[in-house]
Amino acid sequence: MSAGLMASVAPTHIPATPDLARMQRQRGERLRGLMGAQGLDALVLLGNTNVAYATGAVWPLADGGRTNFEQPVAVVLADDPTPHLFSPVREDDRLRAELPADHLHGPVYLDFDEGVEHFAAQLTGLIGASAVIALDEWTHALRRERSLLFAGDGPSDGGRIISAAKVLKTPDELSCMREGLRITEQAIAEVQALVAPGVRQTDLTATFLRTIFDAGADANILDPIWQVMPSNIADGPWTTTGDLACPLLSTERALVEGDVLWVDTGVSYGGFHSDFGRTWIVGREPSAQQRGQFERWQTIMAAVLDVTRAGATAADLTAAAIGAAGGVKPWMPHFYLGHGLGIDSAEMPYVGSDIGEAFDASLVLAPGMVLVLEPIVWDDGAAGYRSEEVLLVTDDGWEPMTDYPYDPF
Amino acid sequence: MPITEVLPDDAALRLARRTRLLDEMEATDVDLLIVGREGNARYVSGAPRLWTAGSRAFGPGCVLVRASGAVHLLSTWDEGIPDDIPHENLYGISFNAATFLKVLQGIEGAATARTVATDALTFSALRLLGKAFPAAQVVDGTDLLARARQVKTPEEIGAIRASVRLAESALGETVSALTPGITERQLTGVFMEAMAAEGVTTPSGQDVAWITSRDHPWRRATRDTAVAAGDLVAFEAGVLRGGYVGELGRTHAAAEDVGVHRDLLDRSEALLRALVVACQPGAPLSGLLDAYTAAGIPAPPVPVARGLGLGFDLPLVTHALPRTASARHIEVGMVFSLTAYVWDQGVGALYVQEPIAITATGPELLSTDAVHAARSH
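Which chain is which? The protein sequence lines are E and C, in order. Mapping of the first sequence onto this note's numbering: position 406 corresponds to residue 406, and the numbering continues sequentially without gaps. Mapping of the second sequence onto this note's numbering: position 298 corresponds to residue 707, and the numbering continues sequentially without gaps.
Just so you know, not all the hints are guaranteed correct.
[To be verified] To be clear about the criterion: a stretch of chain E counts as covered by chain C if any three or more of its residues have a C-beta under 8 Å from a C-beta of chain C, and this derived list gives those stretches: (1) 236-249; (2) 354-364.
[As the list claims (entries may be wrong)] DEER-style ranges, computed between Cβ atoms: (3) C:Ala425 - E:Ser287: 45 to 53 Å; (4) C:Ala425 - E:Gly128: 47 to 55 Å; (5) E:Pro367 - C:Leu459: 30 to 38 Å; (6) C:Glu773 - E:Ala358: 55 to 63 Å.
None of these hints come from the bench; they were simulated from the model. Ideal Cβ positions, reconstructed from N, Cα and C, are used throughout, including at glycine.
Let the sequences and hints guide you as you build the complete structure.
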């Protein structure tokens, strides 16, 4: 059994416990700095994770359908260090976070004209009628009633402000993320102990869901993937790329001895998403060929880690991966070699995505970025190996944020 | 029968839904409907896709073409995709706006479409749609979606009923775990495990249990507070089975019979009765708000009614939107859950969420358990 990533490199940049008040204060400073540069008076946020970022409010994420009608909304003002939160239950300790009572407001329903009218009246009370505002996303009711809320040419794109602010993680944020990743790994260990012929994919999910909450997760963020890989790409579903179909949904399908499982899942904790990926073999030790695949995967991962540091470009990482993989791209064409992780499961920086090589060459890694690297090895006829590692980019290299062993490899 | 394959929604179900949408598009002269919200995409396509928690900014996840009835769907693979959506109408995951532009430009009638309706928008989507459909106006598609979606077919009501049954069963296991010392977070884990053990891995919410406050009508403490004997614990059990939401809310006392709170129980039952009585076809939705007023019970901060469907649905009735509630009426075929919430200082709250379907003869309860089972103990 191969130990996790932390066996080789111990983390030093990540504090054991986060200071949440400081984390929120620093986010606010960052957001208001970006707002000031654009001459903004206010930033209005609807997206769940954007609201969580700006306010520090933590709540268990629901199905998107419900979220669309009952969403917390955040308002960040340029001249106020404390954000405003409009939420369904203002007396909720988890939503209240560090916010004083006069910054907590009742629910607004921005899918309805009447809801937008109420919100506009409250917003005008906070910032006046001629304020310059940015907004992260539109509902149609907001668009219809935009003259009530937005002076002049209307709002600018506030989503970009969050994207710019969130990409570099502060030490407190990293500490929160590390805890979310630890919770995920704790639950995964329970799941892996269950894997055996006859067990259904949904049984693995049942144990995962139970244990993430026992371990302290706020919510599950994606229907967990325990995909049984075909030996050949052609034995799997048709794809737009002609390549692998992954991730495919879990069902009550029972595992069979020798199944190659590609695992992919994540949870939410403290407003952050985690990510986890491994390859398991059901009821059997890996074959010599499978061990060979794992060793090639390790070689690719080592080559990428070797060039990962602040100042490197995404293209440096993809070139290292391709070089170690013998000239082919060792990742799935509909995804990437790697992606950022934070308040969202996949966010900038994307490495090796279909945005293209020019983009990769222009994307420079910076200290404080968090990367999920997920190369794959595939031998058509004998399936393949995929795992994910989460790491922090530092000035002189990187530091592991995940520590799960590669068992049974 | 365990489901061991990813299957599209039943053909009759999905085609009936699509026909409704096409009729609404015809009536409102919409050429293309582009949806990003998952429930809407499934309503159009009948295809299950990966469930993720939380809101998602608008993107062109699924396109319905009025002229041909064709569906174009964001999916890199064909597993679970109905055979009425051919391979050439599938477009893969992409991080590149230029790729989506090409996909949208390739849809029949893109160059000449005059009206494109969407279910939400972002700044980048507005730029994208402007380029892809140069002759078109981008309009609000949420009304036409609501008109199609909020009145259910009998098959849809059957699907919701099955979801409610699963929610009840998983809730039953969760309530069995309610003993002093357990936390809200752990109770949520018990519910999620029970749901998944029955083969369904997608919840509608993940805030399954909370200790109602004895001191404040709605205050909630942290999720790791241990339940104490005598606490009234509210449960909100919701699942998405086959994409359809089934949910119900119940309240149980830890290590005690709820029946000891006779007065609270009486008011909860009377309120729920009044709410159900208000659910007559043709009655204004505001009748549900009036039921609280008539009973002298303070309005809860959460909605009094929420539509149930493929993902959450309309109607949404809340004291925060009185004009909206007055302007709309209860229709045969609507399915929603009613919220009855009563609270007593020093005792706590009784929270009930009751899923109902509106039939020609009036409201029909979709749950099979007794709302206040504790009373009969």
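We went through each hint and held it up to the structure:
1. A count of 10 residues in the stretch 236-249 of chain E with a Cβ less than 8 Å from any Cβ of chain C is obtained; the coverage claim is therefore met, three being the minimum.
2. Only residues whose beta carbon comes within less than 8 Å of a beta carbon in chain C count, and the stretch 354-364 of chain E has 3; three or more means the coverage holds.
3. In this structure, Ala425 of chain C and Ser287 of chain E meet the distance hint of 45 to 53 Å, their C-beta atoms being roughly 50 Å apart.
4. For the hinted restraint 47 to 55 Å between Ala425 of chain C and Gly128 of chain E, the CB-CB distance of approximately 50 Å keeps it satisfied.
5. For Pro367 of chain E and Leu459 of chain C, the Cβ-Cβ distance of about 33 Å falls inside the hinted range of 30 to 38 Å, so the restraint holds.
6. A hinted range of 55 to 63 Å for the beta carbons of Glu773 of chain C and Ala358 of chain E is consistent with their spacing of about 60 Å.
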